[in-house]
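**Q** If you read the sequences in order, they're chains A and B. Just add 4 to wherever you are in the first sequence, counting from 1, and you've got my numbering. Just add 9 to wherever you are in the second sequence, counting from 1, and you've got my numbering.
Hints may be right or wrong, so weigh each one.
[Stated by the list, open to error] Here are a few chain B residues that face chain A, going by a calculated C-beta distance under 8 Å:
| # | residue |
| --- | --- |
| 1 | L21 |
| 2 | V23 |
| 3 | T28 |
| 4 | K39 |
| 5 | W68 |
| 6 | L70 |
| 7 | L78 |
| 8 | L90 |
| 9 | L95 |
| 10 | L126 |
| 11 | S128 |
| 12 | V138 |
| 13 | I141 |
[What the hints assert, rightly or not] Lysine to aspartate or glutamate pairs mimicking DMTMM-like chemistry, simulated, CA-CA at most 25 Å apart:
| # | chain 1 | residue 1 | chain 2 | residue 2 |
| --- | --- | --- | --- | --- |
| 14 | A | K210 | B | D130 |
| 15 | A | K15 | B | E58 |
| 16 | A | K87 | A | E101 |
| 17 | A | K87 | A | E70 |
| 18 | A | K210 | A | E257 |
| 19 | A | K151 | B | E77 |
| 20 | A | K210 | A | D220 |
| 21 | A | K87 | A | E107 |
| 22 | A | K87 | A | D220 |
[Stated by the list, open to error] Some chain A residues near chain B, calculated using beta-carbon distances under 10 Å:
| # | residue |
| --- | --- |
| 23 | I17 |
| 24 | L19 |
| 25 | L40 |
| 26 | G52 |
| 27 | P54 |
| 28 | L55 |
| 29 | I61 |
| 30 | G64 |
| 31 | A125 |
| 32 | I129 |
| 33 | D132 |
| 34 | T134 |
| 35 | N135 |
| 36 | L178 |
| 37 | Y183 |
| 38 | Q203 |
In case anyone wonders, no lab produced these hints; they're calculated from the structure. As the structure is a prediction and not an experimental result, all values here were calculated from the model. C-beta: ideal position from N, C-alpha, C; glycine also.
Take a look at the letters that make up each chain.
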Amino acid sequence: MAYSSSIYGTKRIALACFALLLVALFLFPNQIQGLLQYLGGPVGYAVGIPLEAIASIDAGIADRWEQYVALQGVREENQQLRKEMEWLRGQQSQLREAVAATERLTALLHFKEQALPTMVAAQVIGRDATNRYRAIILNKGESDGIKPDMGVVTPAGVVGRVVKTTGATSVVLLVTDPYSAIAGLIQRTRDEGIVEGTQQGLAHLKYIPLLSTLRDGDRVVTSGLIGDFPRGLVIGTITHIDKQEGALFQSAELTPEVEVGRVEEVLVIQMSYGQATKAGVGADLLEKSAP
Amino acid sequence: MKFLFYLTLVLLLVPLQTTLLPHVSVWNIKPDVGLVAAALVGLFAGELEGLLVGCAIGWVLSLFSAGELWVSLLTNGGVGLLAGFLGRQVSQVTSFSLGVGILLVSLVSGLCVAMSLTSFDLSQIGWMVESIVFPQACFDGAVGAGCYWFLSRRLNLTHLRTE
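The task is simple: from the sequences and hints, build the whole structure.
**A** Here it is, written out as structure tokens:
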């Protein structure tokens, strides 16, 4: 009898707790979300310790596997890379010429030299805990100055954007996720659009003007309109153009430049060119106004 | 002692879910071990513990996901609570029945999340159910059944359930 009454007591407490939680979430969704995020900051440190330990063991095993076991096709890959390197050398010499010309023109126009963006290097220690998002987890968080909405890149191009942080970790929504949106620019035609991820794990550029002369193989870079990414970082290459009759805009499918599923190290942009320049100007002004 | 066990469980579930399970994912789908753990805790320890541990697991896991913080908290807490209720009603639990139960619960919670994420857009919901929710539910059911089978061989589960 006492046993069954204690069961009913527990049941009631459990149901009351759940009902209270539901009511709180429906009545104050933003406050509860903010509270959960705030409490999550220190929890991130505690969870970060086993997470980093297991990620480093995992990375060690993966390195061993790649170095000793998975050597099939290395010779073909080597030949392919040599060819690619020769082609890139040619490109490099052309680009050097272009850089020299740009420097001369910049000097002529008296442009203020742009400050380099401030970046923080981070390691990928995991993937999204659910299957619903394409996201990666980094081993740097709030304590390293990382905040939501900061852009994440590799030397090859754009990876995504920070959406959530804890004390020691941060979550980056990849450019291939359907919920991701980045302002893009077709490098050749200078037409702007929005790059969104697709369900197939690629990306597409939306809202391209109808009169744009884009073609397959055109590169899409960040437009720099939103502060998170500086202008000119490669997002991907156009592989298919979709132009429907009666539509107001064109759209195009992209293959992302970075293979986001295999990325291991990234750079988080803490301050882009524009912000850095503004900060620099601000500092100059402060210096001048100081007595 | 129990608190320490649950704390360790929550701390270890994160690296398991985010670092190790992506290696065994099939078509980029991995099981939700948080949901399975919440169901097992609810089944063996009762509604209240199922709810509290489920909520804790859901909240900590959602800190490592791009999604909203309350989604996993509510679904895992609800699963723990439901498993606690069912655990008291059902006299004989087998690996198969538990697997089917987890499959159904995962399907329902996945469907609710899909509806909230896609704002009831039917084509999007259809795609999510076909490519994420259903395969994950099957995976969750299989993992839950496997865990129960493993635990039932190692521990006296009847004793645990009536404790």
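**Q** Does L19 (chain A) hold up as a contact with chain B if the rule is Cβ-Cβ below 10 Å?
**A** With Cβ-Cβ at 8 Å, under 10 Å, it holds.
**Q** Under 8 Å is the threshold here; is the Cβ of L95 (chain B) close enough to any Cβ of chain A for the hint to stand?
**A** With Cβ-Cβ at 12 Å, over 8 Å, it is violated.
**Q** Was the hint right that N135 (chain A) lines chain B, CB cutoff 10 Å?
**A** Hint holds; N135 (chain A) Cβ to chain B Cβ min 5 Å, cut 10 Å.
**Q** For the pair we were handed, K87 (chain A) and E107 (chain A), check the Cα-Cα distance against 25 Å.
**A** Answer violated: K87 (chain A) to E107 (chain A) is near 30 Å, above 25 Å.
**Q** Please verify that hint: D132 (chain A), Cβ, nearest Cβ of chain B, below 10 Å or not.
**A** 5 Å, holds
**Q** Can you confirm whether the C-alpha distance between K210 (chain A) and E257 (chain A) stays at or below 25 Å?
**A** The hint holds at about 9 Å.
**Q** Holds or violated: are the alpha carbons of K151 (chain A) and E77 (chain B) at most 25 Å from each other?
**A** Holds - the C-alpha atoms of E77 (chain B) and K151 (chain A) are around 17 Å apart, at most 25 Å.
**Q** With a cut-off of 10 Å on the beta carbons, see whether L55 (chain A) makes it to chain B.
**A** This interface hint holds because 5 Å falls under the 10 Å limit.
**Q** Next item in the hint list is I61 (chain A). Is there a CB on chain B closer than 10 Å to its CB?
**A** With a closest approach of 9 Å, the I61 (chain A) hint holds.
**Q** Given G52 (chain A) as an interface hint, is its Cβ closer than 10 Å to any Cβ of chain B?
**A** Since chain B brings a Cβ to about 9 Å from G52 (chain A), closer than 10 Å, the hint holds.
**Q** Classify the hint on L70 (chain B) as holds or violated, based on whether any CB of chain A lies nearer than 8 Å to its CB.
**A** 4 Å, holds
**Q** Does L78 (chain B) meet its interface restraint, that is, does its C-beta lie within less than 8 Å of any C-beta in chain A?
**A** 4 Å, holds
Hint compliance for this structure: hints 9, 11, 12, 21, 30, 31 are not met, and every other hint is.
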